[in-house]
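A.B. asks: Heads up: the sequence lines are chains A and B, in that order.
When the letters of the first sequence are read in order and numbered with our numbering, they come out as residues 1 to 158.
When the letters of the second sequence are read in order and numbered with our numbering, they come out as residues 1001 to 1207.
Just to be clear, a hint being listed does not mean it is correct.
To be verified - Some chain B residues judged to face chain A by a derived CB distance under 7 Å, without partners named:
(1) L1055
(2) A1062
(3) E1063
(4) I1065
(5) L1070
(6) Y1147
(7) S1149
(8) D1151
(9) G1154
(10) A1155
(11) S1158
(12) V1159
(13) G1165
(14) K1166
(15) D1169
What the hints assert, rightly or not - Just a sample of chain A residues kept apart from chain B, beta carbon distances all over 10 Å, derived:
(16) S17
(17) E68
(18) G82
(19) Y140
(20) T143
(21) G144
No lab work stands behind these hints, which were simulated from the structure alone.
Computed from a predicted structure; not experimentally measured.
Beta carbons are placed, not taken as given, at the ideal position from N, Cα and C, and that holds for glycine.
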Amino acid sequence: MIKVGMADLNVCVAPNSITTLGLGSCVGIILYDQRNKIAGLAHVMLPDSTKISNNENKAKFADTGIDELINRMKVIGANPRGLVAKIAGGAQMFAFSKNNDMMRIGDRNVEATKAKLNELSIPILAEDTGLNYGRTIEFYPETGELHIKSVGKERKVI
Amino acid sequence: MSHIDLNKIDNMQYDVLREIGNIGAGNATTALSQMINAKIDMKVPNVELLEFKYLSDIIGGAENIVVGILFTLQGQIDGMMMFMMDLPASHHLVNTLMGKSDVDNSEDDFTEIELSALNEIGNIIAGAYLSSLSALTNITITSSVPYMSIDMAGAILSVPAIEFGKVGDKALLIETEFGDDMNTVNGYFILIPSLESYSVILSSLGL
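Start from the sequences, fold in the hints, and give me the full structure.
C.D. replies: Encoded structure:
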């Protein structure tokens, strides 16, 4: 199983699988080429690279992370026109007071991810986002299943 | 005022930040030790500049369940401070505080009263840490109420990591490990000043 860290991305071909551990307010974005059984996973931390001056690490942002992931998938033979997406994460880990800017970062990451996927006409087949708990996700390109593990909860497959 | 680039931090600045961690954590450990009336040792703090992808490898891996108590800082410096312990350590502390040190409930969920005890432990520790930092630098720092989360270490660390992500590609951790004789209490203090606040801290100390 290929492991992806925070602000990191990687690609994977069946029968291999790909995972990222302990997603909090970050969003895990799976792009998947069903026909070629090629998948990519990006673990993005922030919504928008254009709002930040230090934006060299493409995997850190929802917008550039998705672009870079598609490029990496093309290199190993994925068809960029046939991609679908599954997303998870974007939780609010701490119950900050309402006027706190940090409170909405999970939601903003999810919104930015959806906007970017929409712009590229990549359909989102399934999502498990928001709420207030961490998630470990595993994707299996062989079946297209995204497995989600959380503390004190049943394993979920979407 | 000195300027600081987290990717080009020099040895002198490292030493000062380490010392700040040392003094803050020392006071916090003393407060904790008095509260539970037991001896707690503290290791020499570690100042580390870590790439995000390695961040959650501290404190036992991204999926290790921890208690994270987070404070936002205001005043002349802003940022966050976080106090993290694993579950056995948290149960041990709460049990000791509540006078049931011989009970083994490390697998149980926390009761409501235990959660509020944990919050109070966080409050006392953060207060001791910040007041010593404030005394040392002569900077006014006030902290928010404690925010607590019990979840995977990676998920909890994502919150401070995102704050760092806005200014760079690495996180600076002023990390202190403490424990008692039986190693039942292990925890981390993580101090995360905003980028401008590093300059405020360093220049207050004449750097």
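A.B. asks: Compare the structure with each hint and give your call.
C.D. replies: Taking the hints in turn, this is what the structure says about them:
A cut of 7 Å between beta carbons decides the hint on L1055/B: the least distance to chain A is about 6 Å, and the hint holds. At its closest, the beta carbon of A1062/B sits 4 Å from a beta carbon of chain A; the interface hint therefore holds under the 7 Å criterion. For the restraint placing E1063/B at the interface with chain A, the shortest Cβ-Cβ distance is roughly 5 Å, inside the 7 Å limit, so the hint holds. For the restraint placing I1065/B at the interface with chain A, the shortest Cβ-Cβ distance is roughly 6 Å, inside the 7 Å limit, so the hint holds.
Evaluation of the L1070/B hint against chain A yields a held restraint, the C-beta minimum of about 5 Å falling below 7 Å. Proximity of Y1147/B to chain A holds as hinted, the smallest CB-CB distance being about 4 Å (cut-off 7 Å). Among the interface hints, the one on S1149/B holds; its C-beta lies about 5 Å from the nearest C-beta in chain A, closer than the 7 Å criterion. Interface hint at D1151/B: satisfied, since its Cβ lies 4 Å from the closest Cβ of chain A, which is below the 7 Å cut-off.
Because the beta carbon of G1154/B sits about 2 Å from the nearest beta carbon in chain A, less than 7 Å, this interface hint is met. Interface hint at A1155/B: satisfied, since its Cβ lies 2 Å from the closest Cβ of chain A, which is below the 7 Å cut-off. Hint status for S1158/B: holds, given a least beta-carbon distance of 3 Å to chain A, under 7 Å. Hint status for V1159/B relative to chain A: holds, with the closest Cβ pair at about 5 Å, below 7 Å.
Evaluation of the G1165/B hint against chain A yields a held restraint, the C-beta minimum of about 4 Å falling below 7 Å. The interface hint given for K1166/B is met, as the beta carbon of that residue sits about 6 Å from the closest beta carbon of chain A, less than 7 Å. Taken as an interface hint, D1169/B checks out: its beta carbon lies about 5 Å from the nearest beta carbon of chain A, inside 7 Å. Look at S17/A: its CB is around 16 Å from the nearest CB on chain B, clear of 10 Å, so calling it non-interface holds up.
The beta carbon of E68/A sits about 15 Å from the closest Cβ of chain B, which is more than 10 Å, so the claim that it is off the interface holds. Remark: the non-interface label on G82/A is consistent with the geometry, its nearest Cβ contact in chain B lying 29 Å away (cut-off 10 Å). With a least beta-carbon separation of about 19 Å from chain B, Y140/A lies farther than 10 Å from that chain, consistent with its non-interface assignment. With a cut of 10 Å on Cβ distances, T143/A stays outside the contact zone with chain B, its closest approach being about 23 Å.
Listed as outside the interface, G144/A is consistent with that label: its C-beta sits roughly 24 Å from the nearest C-beta of chain B, beyond the 10 Å cut-off.
Hint check: no violations occur; every hint is consistent with the structure.
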